[in-house]
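Novice: Residue numbers for the sequence shown follow the numbering used here, beginning at 1 and rising by one.
Among the hints, erroneous ones may be present.
Below, simulated SDA-like cross-link-like pairs (lysine to any residue); rule was C-alpha separation at most 20 Å, straight line [to be verified]: (1) LYS39 to ILE21; (2) LYS39 to GLU23; (3) LYS39 to ILE55; (4) LYS39 to THR61; (5) LYS39 to ASN51; (6) LYS39 to THR22.
If you anchor each label on the Cβ, the simulated ranges turn out as follows [as the list claims (entries may be wrong)]: (7) ILE21 to ASN41: 28 to 34 Å; (8) THR22 to PHE43: 16 to 22 Å; (9) SER26 to ASN51: 14 to 20 Å.
Keep in mind that the hints were calculated from the coordinates and are not lab data.
Heads up, the beta-carbon is just placed ideally off N, CA and C, and yes, glycines get one too.
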Amino acid sequence: MFGILLINPWSLMFGIKPDNITEHSSQVVIPTHLLTVIKNNNFHGNINTDNILIIIMYHETR
């Protein structure tokens with residue numbers, strides 16, 4: 001189980017340049033924020049945007 005910490009999460013992706021956790025997290029946070037705002041404003045959602053964004057920001061930490 002602890003061996004999973006040694007796996008590069010992006011090893012199977014064929015990117016032009018290597019990605020890092022900071023770039024990846026920011027690329028995930030922006031669309032997530034937009035989707036939660038759209039859901040809450042246009043579809044009468046009740047999503048707590050702050051909690052979702054905190055979870056998304058730290059989703060790659062181990």
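Novice: Any hints this thing doesn't respect? Which numbers, in order?
Specialist: Violated hints: 1, 2, 4, 6 and 8; rest satisfied.
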